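Visitor: Once you have looked at the hints, place chain B on chain A.
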Amino acid sequence: MVHLWQRLRPLLWAVLGLLVLYSIQSLPTGQYANLIISPVVDALYTPVRWFEASRLWLQDSASLQTQLIEQQIRLEQQASLVQETNSLREENKQLRSLLGLKAQPTSRWQAARVVARSPDRMSRHLTIEAEGAVADNVVASSEGLVGLVDTADGKHAVVRTILDASLAVPATIRDQALAVLVRGQGNSLLVEFVPWASAPPAGSILQTSGAGGIYPPGIPVARITRIKRLAGSAFAHVEAEPLAHWRRDAWLAVAIKARP
Amino acid sequence: MIRHRQPALLLLFSFAGLCFSLGLAGHIVQPDWSLALLTAALLSYRSGWPWLIPGVVAHDVSLYWTVWGALPLAAAIPYLLLQIDRELGTALMWRAILMGVVCLPILWLGSGFMQWLMTLMLCVPLWHALTKLHARLSS
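From first to last, the protein sequence lines stand for chains A and B. In terms of numbering that gives the first Met the number 0, the first sequence opens at residue 0 and continues consecutively. In terms of numbering that gives the first Met the number 0, the second sequence opens at residue 0 and continues consecutively.
Only chain A is shown next, with the shape it has when bound in the complex (with noise of 0.2 Å):
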């Protein structure tokens, strides 16, 4: 008896070493490791930022004022944009109450800081200071979507980018009646559903569509890159790219939803 628990004592070992990674493999273990992490991470950046802090004290005033005057000329241009937004957001109240539809949930845009990056060279999830996101919030740059909320703790969160495999963005293309999915392929992005006779040339821009209700329309999603046809189907193969470049940019956006 003693000498066959010794012989498969290894064997039951093995086992609930597996049935441990599988268990670690199905919960979202690398998400909230990323959130534990996160503080450390940010604290180990701080003499980064220290350094950016005192890099723009000591910039020449002049370089500064030539700056001020570029934004404050961007802020005027973007004042009339906000003014027709506005008015189209009335216009838009007004037609949802004629056809007795139900006010949809508004988002406000919060600027959130990039803490952490996974080290793969897309940098496939992040680490964001967004405080008041949660699951499914949308993450975009100043070029275009970058992801979804994943996991957040109040503070931080973790981000889900495009080219994640498990994210899929329902797309169209200005001014057209294309439906299609923008699916993450880990390093570039495959554009589903496209109809061949149909299919877009190299080069056109995707955008949100709207549907589904997770994604915002409007946003630039990717820039198509390579259509393929393929035997036997009446879809094309589309690859595309991602717009936004969040592995360099410091600062997303968050679009936080308003509470009802």
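No lab work stands behind these hints, which were simulated from the structure alone. In this text the structure is predicted, and so the values were computed from the model without any measurement. Hints are all accurate, no fakes.
Estimated spans, in silico, between C-beta atoms of each pair:
| id | chain 1 | residue 1 | chain 2 | residue 2 | range |
| --- | --- | --- | --- | --- | --- |
| 1 | B | Q82 | A | Q109 | 55 to 61 Å |
| 2 | B | D84 | A | R6 | 23 to 29 Å |
| 3 | A | P200 | B | W50 | 55 to 61 Å |
| 4 | B | L136 | A | R107 | 55 to 61 Å |
| 5 | A | G217 | B | P124 | 50 to 56 Å |
| 6 | B | L136 | A | S22 | 33 to 39 Å |
| 7 | B | Q82 | A | H244 | 43 to 49 Å |
| 8 | B | L87 | A | P200 | 56 to 62 Å |
| 9 | B | I96 | A | S165 | 32 to 38 Å |
| 10 | A | P38 | B | P124 | 28 to 34 Å |
| 11 | B | I96 | A | P38 | 35 to 41 Å |
Not the full set, but computed from the structure, chain A residues with beta-carbon under 7 Å of chain B:
| id | residue |
| --- | --- |
| 12 | L20 |
| 13 | V39 |
| 14 | V40 |
| 15 | A115 |
| 16 | R120 |
Glycine is no exception: its CB is placed at the ideal position from the N, C-alpha and C atoms.
Guide: Just chain B now, with coordinates in the frame of chain A:
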């Protein structure tokens, strides 16, 4: 003193390596600090696997959100080293090959060739230093 604290110190440095990998990604091309240290420790002291393997699990889970990265190969090192030492004697070349193989998964998890090469280049001096430290402590 160091002998008793060595596992804790190595895991602490490995954790610091994880923080560097996460915090500096996108700013500089850097080696996988944590994996280099853990591989070097496994190669220099195979009996340390009970506390080094959980470190590899933490590495894979934190950086790549999977347990099937470097772990299966790293977990095989203690057994393979035992077999190699028994069959071929203390073979340095085989250890170097094992080092390269254990670091390979970071390539298919998305890291670049340069990162893999830098990890190996960091692993070699760490392995040398840890082997010397073990030799000094056991004499």
